[in-house]
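Chemist: Spelled out, the chains give:
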Amino acid sequence: MGKNVATRDAYGEALLEVGAAYPEVVVLDADLSKSTKTAKFAERYPERFFNMGIAEQNLMGTAAGLAAAGKIPFASTFAIFATGRAFEQIRNSIAYPHLNVKIAATHAGLTVGEDGGSHQATEDIAIMRAIPNLTVLVPADGVETKKAVWAAVRHQGPVYLRLGRPAVPVIFGEDYDFALGRAAVLREGDKVALLATGIMVSEALKAADLLAGEGIEASVINVSTIKPLDVETVVTFARRCGAVVTAEEHNILGGLGGAVAEALAENCPVPMVRVGVRDVFGRSGTPEELLQAYGLTADSIAGAARAVVRRKG
Amino acid sequence: MDEETRKYLEEKARTLRRHIIRMLAEAGSGHPGGSLSAADIVTALYFRVLRLDPRNPAWPERDRFVLSKGHAAPALYAALAERGFFPVEDLWGLRKLSSHLQGHPDMRKTPGVEASTGSLGQGLAMANGMALAGKLDRKDYRVYALIGDGEMEEGEIWEAAMAASHYRLDNLTVFLDYNGLQIDGPTSQVMSTEPVEEKWRSFRWNVIPIDGHDFGQILTAIEQAREHLGQPTMIVARTIKGKGVSFMENAVGWHGNAPTREQAQKALAELGGEPVSE
Ligand SMILES: Cc1ncc(C[n+]2csc(CCOP(=O)(O)OP(=O)(O)O)c2C)c(N)n1
Ligand SMILES: [Mg+2]
Chain A
1 MGKNVATRDA
11 YGEALLEVGA
21 AYPEVVVLDA
31 DLSKSTKTAK
41 FAERYPERFF
51 NMGIAEQNLM
61 GTAAGLAAAG
71 KIPFASTFAI
81 FATGRAFEQI
91 RNSIAYPHLN
101 VKIAATHAGL
111 TVGEDGGSHQ
121 ATEDIAIMRA
131 IPNLTVLVPA
141 DGVETKKAVW
151 AAVRHQGPVY
161 LRLGRPAVPV
171 IFGEDYDFAL
181 GRAAVLREGD
191 KVALLATGIM
201 VSEALKAADL
211 LAGEGIEASV
221 INVSTIKPLD
231 VETVVTFARR
241 CGAVVTAEEH
251 NILGGLGGAV
261 AEALAENCPV
271 PMVRVGVRDV
281 FGRSGTPEEL
291 LQAYGLTADS
301 IAGAARAVVR
311 RKG
Chain B
314 MDEETRKYLE
324 EKARTLRRHI
334 IRMLAEAGSG
344 HPGGSLSAAD
354 IVTALYFRVL
364 RLDPRNPAWP
374 ERDRFVLSKG
384 HAAPALYAAL
394 AERGFFPVED
404 LWGLRKLSSH
414 LQGHPDMRKT
424 PGVEASTGSL
434 GQGLAMANGM
444 ALAGKLDRKD
454 YRVYALIGDG
464 EMEEGEIWEA
474 AMAASHYRLD
484 NLTVFLDYNG
494 LQIDGPTSQV
504 MSTEPVEEKW
514 RSFRWNVIPI
524 DGHDFGQILT
534 AIEQAREHLG
544 QPTMIVARTI
554 KGKGVSFMEN
564 AVGWHGNAPT
574 REQAQKALAE
584 LGGEPVSE
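Residue numbers (the numbering used here), protein chains in the order written: chain A, 1 to 313; chain B, 314 to 591.
Think of the hints as simulated: they come from the structure by calculation, not from any bench.
It cannot be assumed that every hint is accurate.
As the list claims (entries may be wrong) - Okay, the calculated bits of chain B under chain A, using three or more residues with CB under 8 Å as the criterion:
id	region
1	336 to 343
2	410 to 416
3	485 to 498
4	545 to 553
Unchecked claim - Straight-line C-alpha distance at most 30 Å; calculated DSSO-like pairs for lysine-lysine:
id	chain 1	residue 1	chain 2	residue 2
5	B	K409	A	K206
6	B	K579	A	K34
7	A	K34	B	K409
8	A	K71	A	K206
9	A	K71	A	K3
10	B	K409	A	K3
11	B	K452	B	K409
Here the structure is a predicted model, which means the values were calculated and not measured.
By construction, the Cβ of each residue, glycine as well, lies at the ideal position given by its N, Cα and C atoms.
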């Protein structure tokens with residue numbers, strides 16, 4: 001894999017792999033196949049690809065029916081339309097009957113960029129996390145995306161897979177050990193635990209370098225399975241470090257920060273700061289400008305870590 | 314329509330198209346095809362039809378225009394700038410962090426924008442609401458909307474279609490930008506919507522088919538809609554996606570790609586007028 005890869009591109013490639021291995025894999029899209037990268041699958045396996053047109057509710061409902069008949073459907077569109085327009089179809093047609101649909105939503109978060117706030121889903125994790133039966137995965141890079149797609153196919157049940165638009169750093173080697181439901185410890189330190197998801201994982205690693213230079217040793221944990229949350233790992237590191245920072249390309253309400261806060265409040269309350277979009281909508285700009293403007297950077301994570309370390313008893 | 318009006322509107326439409334090309338080239342992203350196909354309809358509305366006050370964008374008696382296919386924002390922004398809602402220079406900030414001109418229309422950021430759109434399928438219901446309010450308040454403003462032919466695949470469009478005729482919203486006139494293309498290909502291949510006119514008719518709309526690039530037909534249809542009582546009107550406007558720029562016309566690939574500087578210069582040369590200095 002190259003140095004920088006968009007997770008949506010890795011998804012498009014992974015679909016070809018699982019499509020070859022599993023004849024029951026089918027793919028559906030809603031007039032965005034070039035952007036979601038399902039077009040590659042459509043080209044290779046035209047008889048197993050269904051373009052539903054610009055009709056996201058029907059996209060999800062049809063996927064549910066295919067799953068009920070034994071197929072393993074991947075349904076793709078942008079995260080905003082998947083979780084927004086088709087929320088209730090995901091809830092009642094897919095999750096409620098525990099159907100084996102994989103919702104692979106691309107263009108999540110601020111890094112959609114110039115299309116602006118109407119297209120930047122910063123609440124999708126919160127919405128999906130509140131639905132019973134649904135597994136929520138947010139891979140950090142291209143390597144993890146491929147492994148997540150394989151894991152999703154092997155998992156019996158509905159999955160929400162959150163993917164991004166721009167190329168992002170590849171941080172894992174092919175030997176990276178991904179397991180659904182397990183948070184991955186990438187770096188160990190005793191002063192503060194940085195829990196990150198998606199594109200913020202590479203920023204958290206950079207932040208840990210910055211902090212190490214100041215004598216603050218940080219643990220970095222990649223929480224790519226938001227649900228079911230790996231409470232054991234989260235609590236272990238909260239206890240060990242006594243301070244936690246979460247980082248996500250999502251509203252600080254209801255996403256990773258929300259999930260971790262819930263787990264810690266019940267099991268091991270420690271000082272905590274959530275880095276993320278501070279309950280405002282996005283706007284037009286380049287992905288880099290937006291990440292800066294909304295404080296989704298290694299610097300912000302390091303600043304949050306310094307602040308939370310000062311609050312330790 | 315007299316010759317003078319036609320000349321005036323054609324010139325305005327050309328100005329709008331030039332703005333669209335320049336804006337998209339400056340922004341480096343955005344949607345030329347659907348902006349250009351809608352440019353003549355938008356021109357007719359903003360320069361012959363809509364009662365507006367650019368100095369008072371919130372004037373309660375104003376006519377409303379909802380751009381339901383929000384990705385054609387450049388066409389709307391160009392018209393608003395030319396009508397004086399904000400300086401033409403603002404257009405070159407499209408999609409930039411410092412600008413009020415968002416990638417898709419934002420009624421809280423841009424004066425003159427009546428509805429925040431971009432998520433397809435939602436604008437027609439919003440237009441219905443405005444038309445209903447007009448009826449309730451016994452106001453004589455009219456509501457106009459523009460939807461895409463791909464957008465017509467959204468379920469919410471048909472929910473709104475039912476409601477508009479149920480409530481006899483004859484103060485509502487909608488244009489269908491019937492250019493035959495969407496993102497993944499021709500609409501006939503992605504998801505057939507035919508027979509389009511019969512569908513709207515069966516939803517009890519007054520349906521008027523026209524050539525969406527002929528100002529005479531656009532204005533006559535709007536006049537017929539105004540006189541038609543008891544039903545909303547759907548003007549099914551046959552258009553050419555990318556209209557006015559030869560290499561963009563009827564080309565699926567120009568749905569959501571901005572022209573490079575060289576492509577923009579080529580397009581501007583075709584559209585006539587002064588060349589743009591760098
Ligand atoms: C709910 C929703 N789904 C998908 C999209 C992505 N999208 C933007 S434009 C477009 C195609 C629109 O086709 P059409 O309505 O025919 O517009 P036009 O040809 O006039 O550009 C799509 C699918 C969207 N903006 N909103
Ligand atoms: Mg179209």
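Chemist: Does K34(A) sit within 30 Å of K579(B), going by the straight-line distance between their CA atoms?
Modeler: Holds - the C-alpha atoms of K34(A) and K579(B) are around 27 Å apart, at most 30 Å.
Chemist: Is K409(B) close enough to K3(A), meaning Cα to Cα at most 30 Å?
Modeler: Given pair K409(B), K3(A) holds - Cα atoms ~27 Å apart, limit 30 Å.
Chemist: Hey, K71(A) versus K206(A), does the alpha-carbon distance stay inside 30 Å?
Modeler: Not OK: K71(A) and K206(A) at ~42 Å, beyond 30 Å, violated.
Chemist: Verify the proposed pairing of K71(A) with K3(A), using a straight-line Cα cut of 30 Å.
Modeler: 35 Å, violated
Chemist: Keeping to a limit of 30 Å between CA atoms, is the pair of K409(B) and K206(A) held or broken?
Modeler: 27 Å, holds
Chemist: Quick one: see if chain A covers the region 545 to 553 of chain B, three-plus residues with Cβ-Cβ under 8 Å.
Modeler: Our answer is that it is violated, as 0 residues pass the Cβ test (under 8 Å) against chain A, missing three.
Chemist: At a Cβ distance under 8 Å, does chain A reach at least three residues of the region 410 to 416 of chain B?
Modeler: That given contact holds, which follows from 5 residues of the region 410 to 416 of chain B lying within Cβ reach (below 8 Å) of chain A.
Chemist: Assess, step by step, whether the Cα of K452(B) is no farther than 30 Å from the Cα of K409(B), and give holds or violated.
Modeler: 38 Å, violated
Chemist: With a cut-off of 8 Å between beta carbons, are at least three residues of the region 485 to 498 of chain B near chain A?
Modeler: holds (count 3)
Chemist: If you draw a straight line from the CA of K34(A) to the CA of K409(B), is it 30 Å or shorter?
Modeler: With Cα atoms ~24 Å apart, K34(A) and K409(B) stay inside 30 Å; holds.
Chemist: Please count how many residues of the region 336 to 343 of chain B have a CB within 8 Å of a CB from chain A and say whether that reaches 3.
Modeler: With 4 residues closer than 8 Å to chain A, the region 336 to 343 of chain B meets the three-residue bar; holds.
In this structure, the earlier hints numbered 4, 8, 9, 11 are contradicted, and the remaining ones agree with it.
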